[in-house]
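Asks: Residues per chain, in single letters:
There are 2 protein chains.
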Amino acid sequence: MLLKQFLRIGLVGFSKKSCRSFTKQPDFTKNTYQIERGFYNYLQEPHLNYFKKILGDDGNRVITDESLLEHYNIDWFKNVKGSSKVVLKPKTTEEVSKIVSYCNANKLAVCTQGGNTGYSAGAVPVFDEVILSMELMNQILDIDVNSGNVVCQSGIVLENLDNILAEKGMMVPLDLGAKGSCQIGGNVATNAGGLRLVRYGNMHGNVLGLEVVKANGEVLDCLKVVRKDNSGLHIKNLFIGSEGTLGIITKVALRCPIRPKTQHVAFLGLQNYEKVLKTLRKCRQDLDEIISAIEVMDSLSLEWGEQHTKLSSPIGRYPYYLLIETSGSNEQHDEAKIQGFLESALNGHYILNGVVTGEPSKVKSLWAIRERLPEGFKNHGWVGMYDLSMPTDQFYNVVDELRTYLKNSADYVFGFGHLGDGNLHLHVITKKYDKRLETDVEKFLMDKILPMKGSMSSEHGLGFIKRKYLPAVNSSESYHFMTDLKKLLDPNRILNPYKVFP
Amino acid sequence: MLLKQFLRIGLVGFSKKSCRSFTKQPDFTKNTYQIERGFYNYLQEPHLNYFKKILGDDGNRVITDESLLEHYNIDWFKNVKGSSKVVLKPKTTEEVSKIVSYCNANKLAVCTQGGNTGYSAGAVPVFDEVILSMELMNQILDIDVNSGNVVCQSGIVLENLDNILAEKGMMVPLDLGAKGSCQIGGNVATNAGGLRLVRYGNMHGNVLGLEVVKANGEVLDCLKVVRKDNSGLHIKNLFIGSEGTLGIITKVALRCPIRPKTQHVAFLGLQNYEKVLKTLRKCRQDLDEIISAIEVMDSLSLEWGEQHTKLSSPIGRYPYYLLIETSGSNEQHDEAKIQGFLESALNGHYILNGVVTGEPSKVKSLWAIRERLPEGFKNHGWVGMYDLSMPTDQFYNVVDELRTYLKNSADYVFGFGHLGDGNLHLHVITKKYDKRLETDVEKFLMDKILPMKGSMSSEHGLGFIKRKYLPAVNSSESYHFMTDLKKLLDPNRILNPYKVFP
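Residue numbers (the working numbering), protein chains in the order written: chain A, 197 to 698; chain B, 197 to 698.
Extracted from the complex, chain A is given alone in its bound form (with noise of 0.2 Å):
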């Protein structure tokens, strides 16, 4: 049996940044698109100069220099590219309203943004829209132990938080692989899942109270700090998911649980994908309240990855692998609990073989090889990423499905994701891009997923570059209402204009 025992595995050095430096230089999203400019006035010296007299001359607050605002306006991917001639970083509530309800007035565009992290383009401009970087916005107002909540202001990055309240015993209810540059505010906006959510669930449950400036520059105080609230409608909730097209979000009240003391990693093999679902059952009993992420790859994920990554499977070659983590107060219970669960799956035949550790860098090492599958798929030329939740057991089928579907027309399709979540990511890619290929699988998948109630866009959002799904996934009645909604708060449209909104 090799529970317990952990094989050597022949890992390579590795930082985030790397996962995120690519050398291609993307063409101006006006021209890689066919997309027309709102009718917004474009940015004049008097604009400057008000913004000047708001943030400062010295340059650092209101940035016009071109060198500087490349990084501003292109996005994580290197998919897109903005125009925009300013940067603008405010750093108290009372300045962004300033600013905002002055561009609301003089018709400027703004596009908001965190830590430009995202992977659908929502945070960088279309075309001059003017940014407004919450980066100097990163102070943390209070934290209350007893309580177990935080308030900070929304431009501190995830990673610096989440260390700040580590010292206290506490955590940000919420993991990303970029935790390093995202921040709390983006996080918010975006409604962001990541690798933890089983355990912690979504912004909707964790975010306390929030503060926002609307797009005439009033201040909505929904900036509560408790945990139980009815005293009026849920009107801050709105503003989750909403990608800044609906306010800007200054500053976030969060419930922060208590960090667990005691980590394990499980990797396993399985012979089908019955046994995935199995297993997955059989884990929830067993492991229910530690379980802290439960991931799914396929044999060819896993395969491609190790080609790509010189990290490899520490159990050699099965048809479908788990990684599940749990995250405990007691590393003797939560390793007899992994102990019993995994004899079970073993001696039920759910599992072929696996591997488990509660050593902190080879727990590393284990999601390393689930976190960095994707870096293969991007060399090989275009990849179709798509995000979808439905069923958990219909994860595979659709997946073969569209294997069988596409046949030649694509090189692979993979399958991999968040299992314990429901949420599949799919890739599929090709030497070139196909622009009919592409409106195949989106057919393909739409067909698929919105009968079973699922969703086109998980975890990533809508942002620019799948706007056009706002009508296709919505019914027509939610669509208008979602409309509505945008003309009411921002009538002038304004806030992030060509996102989310086709």
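Source of the hints: derived by calculation from the structure; they are not laboratory data.
Be a bit skeptical, because a hint or two may be false.
Same chains, same label: a pair holds when it works inside one copy or across any pair of copies.
[To be verified] Straight line, CA to CA, 25 Å or less: simulated PhoX-like cross-link-like pairs of lysine-lysine:
hint: 1; residue 1: 664; residue 2: 560
hint: 2; residue 1: 574; residue 2: 664
hint: 3; residue 1: 364; residue 2: 249
hint: 4; residue 1: 478; residue 2: 274
hint: 5; residue 1: 364; residue 2: 478
hint: 6; residue 1: 294; residue 2: 281
hint: 7; residue 1: 457; residue 2: 478
hint: 8; residue 1: 474; residue 2: 457
hint: 9; residue 1: 682; residue 2: 639
hint: 10; residue 1: 683; residue 2: 248
hint: 11; residue 1: 294; residue 2: 249
hint: 12; residue 1: 664; residue 2: 683
hint: 13; residue 1: 574; residue 2: 248
hint: 14; residue 1: 682; residue 2: 294
hint: 15; residue 1: 285; residue 2: 249
hint: 16; residue 1: 474; residue 2: 364
hint: 17; residue 1: 474; residue 2: 628
Since the model is a prediction, treat every value here as computed from it, not as a measurement.
The hints should help you fit chain B onto chain A, whose structure is shown.
Replies: Relative to the frame of chain A, chain B by itself:
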């Protein structure tokens, strides 16, 4: 050491029903409260004929019999009484849509009613609103064990739903004293909190999808059945906690956690509130993932409860009491964790005494001491019930300060509640209702709670009784946004008038 040694406690038999029956009969709300009827039409024969055409003419689904109507016109607390002439009992979304669309066109006000168990008189008519009872919309539509969710109509009784899920090893992530009567749609519409929010979170974190009928009869299909969805604005969340004023919830998709295999309750005596807070922190550190409730009571509340319920503390008298419940997947592990926690809390002099049990009947007995506490209050005379949230370290400062402030103008001030959620139930009792006292207490509490970013209505909503809070506890910008939303969704204000909005 008393740990593990459960003392005999003199419990008398009781049932949930007995908590609910008191003999007073309320006067009509329109007489008790000086309130004017809105400009709605009065119910007439042609209206009834239309309803009968949709729901049938056998008297089962269009109720006009005076003796049957009373049950629907009076609230749980028998504080208020409406004068509706008709109760409608749809079975399908289509029927709800037809009824509401007709009422909207004919300016008939509508009061949607679930289990009618609310504390704020939000679910009974104030005048002659048409009552839309959801009790026949009680079908379960789908249970997905692999994904861990359920889809049902909104009128199913919480306990019935939970019992059916129990057969699959799952549960509703919500537990209330009223579970035998309240309906899941009402729970969502009021964002119900309950006893185990500390573990499972609020409805925003647990509701996966909703189907809602708008005031104009349009059906909003937001019935996603997945845990992650960012494919549009999060409009479903707007209906959570909207208390029937924005739309009628007809279907609910809910995440369902694994049902715990084991449960323990510890009942502890403590010297002062500082020790309560120390114990709270220690409990979170040691028990973290298995905590399912943390309740607090002070000596006055418990003594009063003892006198009126014939239940008694199993550990004698102490200034403060904590009731801590754990739920988990492994009995031995949970027992060991609790023992460890209690021993270190005793050795550290955080707690003075305590009992702990894992036996279901004794767990129930210990809970009864906490749950039946409020029974004693209501026979004394007038009860002012305040449902507050605030930082946990302020709980008994507020109670003590109010006691000092009121001196002899109230007979008693009781403080107890859900410490783990930061939710204090504060009851002020006097022999007779005193308008000036009520105003005084409200002002005192608002002055304390609002600067702390707390809540004046944590889990009981605003309904009819607390509707005046809406402009008082929300900023004017938030209040105006709420009224804008009401106008957008229900321009004729036919949905649950006189509730939430003053």
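Asks: Could you tell me which of the numbered hints above are not met by this structure, giving the numbers in increasing order?
Replies: 1, 3, 4, 9, 10, 13 and 17
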